[in-house]
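K.L.:
Sequence:
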Amino acid sequence: RVFAHPPPGVRKVVLATNIAETSITVDDCAYVIDCARMKEVRFDAARRMESLEDVPVTRANAKQRRGRAGRVRPGVAFHLLTSHAHDALALPAQPPEVHRVPLERLVLTVKALGYVPPVADVISHLLEPPPVPAVRRAVRELELLDALECDASGGEELTPLGAHLAALPIDARLGKFILLGAVFDVVDEALTIAATLSSRSPFLSPFDKRELADAAKRAFAIGQSDHLTTLHAYTAYDSLPQSERYDFARQHFLGVKSLQTIGGLKRQLLE
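Residue numbers for the sequence shown follow our numbering, beginning at 2 and rising by one.
Do not rely on the hints blindly, as some may be mistaken.
Across the chosen pairs, the derived CB separations fall in these ranges [what the hints assert, rightly or not]:
| hint | residue 1 | residue 2 | range |
| --- | --- | --- | --- |
| 1 | PRO118 | SER240 | 21 to 31 Å |
| 2 | ALA37 | HIS100 | 54 to 64 Å |
| 3 | GLY71 | PRO97 | 21 to 31 Å |
| 4 | LEU114 | HIS228 | 27 to 37 Å |
Since the hints were derived computationally from the structure, they do not count as laboratory data. The C-beta atom is built at its ideal place from N, Cα and C for all residues, glycine as well.
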């Protein structure tokens, strides 16, 4: 439907993610409205986890978006920022993803492909390799997770756990957490907690109703565990009919969007 031409008198509006920057050409696109923001995978050092952050575009992104209009016919692009803000964009282009995310998954993939040399030697041949200390930290982290065994000569070998983690397209720590959940027959709970760790907290705390919000959160508390508290809140929300969920979330100071995101992530992890 994106590529279909509308009938006379009808205006076609296409809402697109970053995929429209380079991957597709809509031949009848005459106007581009660029919000000057994008979602990007970043590493949260405090939680030691990846997260999808809303960040300003780079100058290269803005140029690509501008180029979507006028490729096969005259067009105009509107960037929703001032020319001064555009010129002050921090980065000329996105850094390679290998410089923005933890390297544990890359290390697992390299070893799963059967490369015998130390993984740092293999990764050093990338076009823009990450710093060697970052690779070493990833190897050390995987060793602590029992996903890799390192020998005295500096080589590494995947453990059975590491082989399973290499097949999962998620953070290695979350992967191990989910696998242990399956071993102990609590995989549904493990999937929910893993999803909550990968998204924003569902608990809201309005400035003018903070005490009420805190009391609502305490009603879901299980011991001193934030993870179990969030699990309890999500499970209560998810057990309700669709028609009752919004009111439940509003009454208990829960963010519906965050809860929906958790549900979506949980389904992705399950698949």
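K.L.:
It remains to establish, for every hint, whether it holds in the given structure.
P.N.:
Here's how the hints hold up against the structure:
no. : hint                        : in the structure
1   : PRO118 / SER240: 21 to 31 Å : violated, 51 Å
2   : ALA37 / HIS100: 54 to 64 Å  : violated, 22 Å
3   : GLY71 / PRO97: 21 to 31 Å   : holds, 29 Å
4   : LEU114 / HIS228: 27 to 37 Å : holds, 34 Å
Of the numbered hints given earlier, the model fails hints 1, 2; all others are met.
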